[in-house]
Amino acid sequence: MSALTAIYRKEMRAYFCSPIAYVLWTCFVALTGYFFYTGLLYYSMASMQAMQQPWGATLNLQEMLMAPLMSNWSVMLMLISPLLTMRLLSEEKRSGTIELLLSYPLSDASVVLGKFLAALSMFALILLPTLAQVAILFWLGQPHLPAILAGYLGLLFMGAAFIALGLLASALTENQIVSGVLAFVALLMLWVVGWSGNLVGGSLGEALKALALGPHFEGFPKGLIDTADVAYFILFIGFFLFVTIRTLEAKRWKA
Amino acid sequence: MIEVKDLRKRFGDNLAVDGLNFEVADGEILGFLGPNGAGKTTTMRILTGYFPPSSGSASIAGHDVVDEPLAARRAVGYLPENVPLYVDMRVREYLDFVGGAKGLKGLEARRETKRVMEATGIAERAGQLIKQLSKGYRQRVGLAQALVADPPVLILDEPTIGLDPRQIVEIRSLIKDMAGSKTVILSSHILPEVAATCQRVVIINQGRLVAQGPPSLLRPERAGNDRLRLAALGDPARLLDLLLATPGVGGVHPEAAPADQPGVAVFSLTAAAEPAARAALAKAVVDSGAGLVELTPIAQSLEEVFVQLITSESGAAPVAEAEAPAGEDAA
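Chains as they are written, first to last, in the working numbering: chain A, 1 to 255; chain V, 1001 to 1331.
Hints were generated in silico from the structure; no laboratory data involved. For every residue, glycine included, the Cβ atom is placed at its ideal position computed from N, Cα and C. Do not take every clue at face value.
Chain A stretches covered by chain V per the calculated footprint, using a threshold of three residues with CB under 8 Å from any CB of chain V [what the hints assert, rightly or not]:
1) 5 to 14
2) 19 to 25
3) 237 to 250
Each computed DSS-like pair below joins lysine-lysine, with the alpha-carbon atoms no more than 27 Å apart [claimed, not checked]:
4) K1176(V) to K1135(V)
5) K1005(V) to K251(A)
6) K1176(V) to K1114(V)
7) K93(A) to K251(A)
8) K93(A) to K1131(V)
9) K1131(V) to K1114(V)
10) K222(A) to K209(A)
11) K93(A) to K1135(V)
12) K1114(V) to K1135(V)
Counterexamples of contact, computed for chain V against chain A with all Cβ distances above 10 Å [stated by the list, open to error]:
13) E1003
14) A1284
15) A1290
Work out the full structure, taking the sequences as your base and the hints as a guide.
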């Protein structure tokens, strides 16, 4: 357990001692701030117009503002996550430090989990400034807190999935760029694979739709925590972490 | 403490380690010698659990490296050849991390950090980034991380490579101080280094054991002869005749004369190891009227020692066993 903590601390330190964390943070805050501002303006315009309609006053802050915003965030986070994970294992391999790390009495699982948790913490920290936007909503109106919390839960599940996959990409190569590109392309494929579901049709089409990442997230920001979605993410994360650990072990056997 | 039995490691078609057998006793410093590519690093990586052997077995402190990897690795401190450290960390942070990775709790890890920094003389660099340290200090940090958690076995791969002479002496004396308290395997391809530090040597070539025994095994005067280099001003043909006629001198070969010293003839030869024989040789050259310019013993290269060791045994079994009781000083 202390080995896992040591790895976690080292990775967290590495994030904060490099510009990566600060750059990602700043860019994410700037982009989400812009989206929030335009979204809010649009929403207030729409509500002004709605007030002049006899059938008005049915606008929903969560559905019309928060859910689309979180959906925007999820795409941005998909772009960001490979940047958080691409270094984790590939750099250890490139610089040779993995040889020393694997000579210590620690399990491969604690190496992988320590790095996974560090990247997930960084992901959560990047998400943290968006709470300011939620605070502004509470100041201006009456958003639905449980739905917002569900949305954040969904974002964390999704982030963990992105990171688990990114970690595997990082275990496969000693080149950071290759690892980042690999993770990004795989995530993008998983994101859009459902779109072809209707074209393919039949049970294969259904399977493709069930496989896609995006649709499993959509329920959360609407305040809908579906067991199937939760199970999907947990299986997704578990599968990729398991394969990453196995890949590391296989490296020992082949190297 | 360390037992290697019939160890083999295959990379594709290449057999990097081919049936290696040796043992290291408790508290012994073993020199692991061989030219580059002999299989030293591969053997060390198997011992430290980086990869398993293709066949055969290795155990450390009674724990097989494949069956009980964690217990075996707990007993080992390892310093890889190129000293891969996390260069963006500060020395103290890095050693704290190593302590944690080796399973020490926070306070314990910090105490270990302090201890190993003092043992390796890097305490005054504790707050510095590793990438700002000189090669010598990095090597010490590498040694320090191997010492964290006080493992009974140290495996050091070329610990003095790339250091300046003063740093080499310092690292060597650090290692020598561990004799008795730690079991050390030290790889090198530098003969004098091993002769100066180790109590026993294992020599391998192309993955096979060539010889093992006390460091005296490596001394060039094994046959009672010195190899010498002789340079003199004079006619090369006359000098050659003279040398061949001198008693106690054999194996005379003319060598290429240095381009910047015209008129100098150079020979390599063997002469009896006694000082009197060498003096007689010098006198013979001077008496003949040729100007003696140089008379130097030639240090044998490891490759020459290999050739000597392999050819000195009956061709079928190229393994020289020269067992000596541990601790015997072969000075």
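A quick look at each hint next to the structure:
no. : hint                 : result
1   : 5 to 14              : holds (count 7)
2   : 19 to 25             : violated (count 0)
3   : 237 to 250           : violated (count 0)
4   : K1176(V) to K1135(V) : 20 Å, holds
5   : K1005(V) to K251(A)  : 24 Å, holds
6   : K1176(V) to K1114(V) : 21 Å, holds
7   : K93(A) to K251(A)    : 10 Å, holds
8   : K93(A) to K1131(V)   : 18 Å, holds
9   : K1131(V) to K1114(V) : 20 Å, holds
10  : K222(A) to K209(A)   : 19 Å, holds
11  : K93(A) to K1135(V)   : 21 Å, holds
12  : K1114(V) to K1135(V) : 21 Å, holds
13  : E1003                : 18 Å, holds
14  : A1284                : 56 Å, holds
15  : A1290                : 55 Å, holds
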